[in-house]
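Please work from the sequences and hints to get the whole structure.
Just so you know, the sequences run in chain order U and A. Position 79 of the first sequence, counted from 1, bears residue number 263 in our numbering, the numbering being contiguous throughout. Position 433 of the second sequence, counted from 1, bears residue number 769 in our numbering, the numbering being contiguous throughout.
Do not rely on the hints blindly, as some may be mistaken.
Derived lysine to aspartate or glutamate pairs resembling DMTMM-like cross-links, with alpha carbons at most 25 Å apart [said to hold, decoys possible]:
(1) A:769 - U:255
(2) U:320 - A:691
(3) U:314 - A:568
(4) A:528 - U:224
(5) U:320 - A:771
(6) A:728 - U:224
(7) A:482 - A:691
(8) U:314 - A:730
(9) A:482 - U:224
(10) U:262 - U:274
(11) U:271 - A:568
(12) U:338 - A:397
(13) A:726 - A:566
(14) A:726 - U:274
(15) U:252 - A:771
(16) U:252 - A:831
(17) U:271 - A:691
(18) A:567 - U:274
(19) A:835 - U:255
(20) A:506 - U:255
(21) A:543 - U:224
(22) A:506 - A:730
Here's a subset of chain U near chain A, in silico, CB distances under 8 Å, partners left out [to be verified]:
(23) 214
(24) 217
(25) 226
(26) 229
(27) 237
(28) 242
(29) 243
(30) 294
(31) 302
(32) 309
Read the hints as simulated data drawn from the structure, not as lab findings. This one's a predicted model, so the numbers in the text were calculated from it and none came from an experiment. Beta carbons are placed, not taken as given, at the ideal position from N, Cα and C, and that holds for glycine.
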Amino acid sequence: MVKTDKMAAADLVMGIFLITFGGVVIWASLNMKIYKTFLDAPGFFPFILGIIFVGLGAIMTSSSLHRKGYEDIRQSIKHFNLTHLSKNIEIRRVMVLIILMAIYIFVLIGRIHFTLATALYLFFTLYYLKSASLFKIIIISIVAAFVISTFFTKFFHIPLP
Amino acid sequence: MLESFLQQADIFFNALSAQFYFTNIILLAGAVFLGIVVGAIPGLTATMALALLINLSYGMEFNLAISFLLGVYVGAIMGGCYSAIMVNIPGTPAAAATAMDGFPLAKRGEGGLAIGTGVISSFFGMLVSITCLIFLTPFVYKIALKFGQWEFFLLAFFGVMICGNLSTGKDPVKGWVVGFLGFFTAMIGLDKIYAFPRFTFGLLQLKGGISLIPALIGVFGISEILIVLEKEIPYKILGKITQVIPSWKVIRSLIPTAIRSGLIGVGIGAVPGAGEDIGAWVAYDTAKRNSKQGEKFGTGVLEGVAAAETANNAVIGGAMIPLLTLAIPGSPPAAMFLAAIWLHGVQPGPMLPIENPGFLFEVAIVLLLATCFMLIWGLILARPMATILKIKREILMPIILPLTVIGAYAGGVRVFDIKVTFFFGILGYILRKLDYPMAPLVLGIILGPLADVSFRQALMQSRGSLIPLLGRPLGIILLTAIVLIAYSGFRRTIEYARKHDHPDSPKSIE
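Okay, here's the thing in structure tokens:
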């Protein structure tokens, strides 16, 4: 079976993103305040970076077009199916893990005690990953959260969020 | 001459007395042990170990913090060989080349011998690199003292370019893209010259800029958790570990390979951002081409294990040379070490021998002691490691996340830094999935401020003219190197595109 160069499509998207991003950086840097001359202005180095991004983006786009990256994008759009995507185990696993991390960081931390937040995060993550039996997961979550909190606060005097 | 020698001897003995005391030795022994265990567990890299353990060093005395972090670094790079040999999954990327011959040896029931060879080779690699560190660093200091604004700008640019070039196989442009994204990240916050807010979008928290440690923890910690947990990869430990220490005859036969690989490791280590994995692969490839049994490499040859393991540990000393002299880390774990010593108020660079004359010797002494502990622990742990490797990654990796959160928060005591870590973790994961290397990103974040300020000040001094650069030999050398790297990189990118464009060739990446 021939492996297709899946990176060509990703490179095309990245190339276009870099050109756009570089353009935005150039525009933003030209709008920054000039104190004496543009050469020592805060926007000078970002301006150079913007040009570099546009240049690298152009190279990536051109290289990807040579590798027929647009074909892969067209095929992906043509056969795009949200159900298939959600059935991809790898993508689903990563998405769930990211959501659990986001809940832990953006919702739980700072609102409830760190030990409790950690125990809840560990319980749901370990349960999703089927890391052990339910009883073991409960024990691991509680013990790990308690040990981490105690270890850092009592022994190393490190503040917890 | 004699006066200079006596002065150096005085500095050396002061450094020795500063490091050689009971608490420090015990801590170092513990740190090496911890490093070996962490490095052995697949998914926990040396960089991640340092990223997570930096927060433990915040409250330590400076000497203890140095010993702790270097001990973990040395141990973790060597520890990777256990899982590479026993389960064919390198504990760290640095041990990937070790698995090539180590795992076939384990399948033949010679896993213990492969581990013993790996440990002794790592020990030898460290000795070579410490020797080079002590004798080469003063010369680099002398060169670094001649650096002006132009040279510092070009060096920062060179660092990102060479790192981008070396860390990507087919397409160096990808390495450069992430390197310059690192530069851009460093631009966020108040400008260093006029304190003008750049790319802060009116957010107060962004005015302080993106803190280095939360970004590094995100890139190497959270992205690694996701990479490891995205797939279920069960692994099995092969057989029992019997003989560990190789015979003197075997050791003697490996000495030429070890010396060559050690020197390769030091050389690669001294290149900004190149890292232990590249060092190991280059040494492995060189050993394969120079060996009488080169065609047997990959089938279970001790020489292959020795080449890879000598080189990956030799990179540590090599990586310290640009770090101490120019504040440019030679590898991603060295970048973490740099961030840690910055936190403790030490500013590496050309002025370091004047401001802190004993620091080079202190680092060398700690590395030497860590190397001795690495040898002892490495051989003792060969058998018990089979038990440690049985820890399920599905349990271990989720527990790492709270540690990354504490690591990100502890430095600045800002919840915002935890969000930065999360953002960089997701960014790192996406970029890694798309074949972008992470080392140039880290190097870019570290070198960005240097490149920005040096370039602007150099241009101001020369009133916008590039002509003064022509009178600076070091600047011309660096500029020529940058042009050559850019030329070879673009050529590789074009060749890669053409190869896949040919109508008769399948669109194959392998």
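* Broken hints, by number -> Violated: hints 2, 5, 6, 17, 22, 23 and 28.
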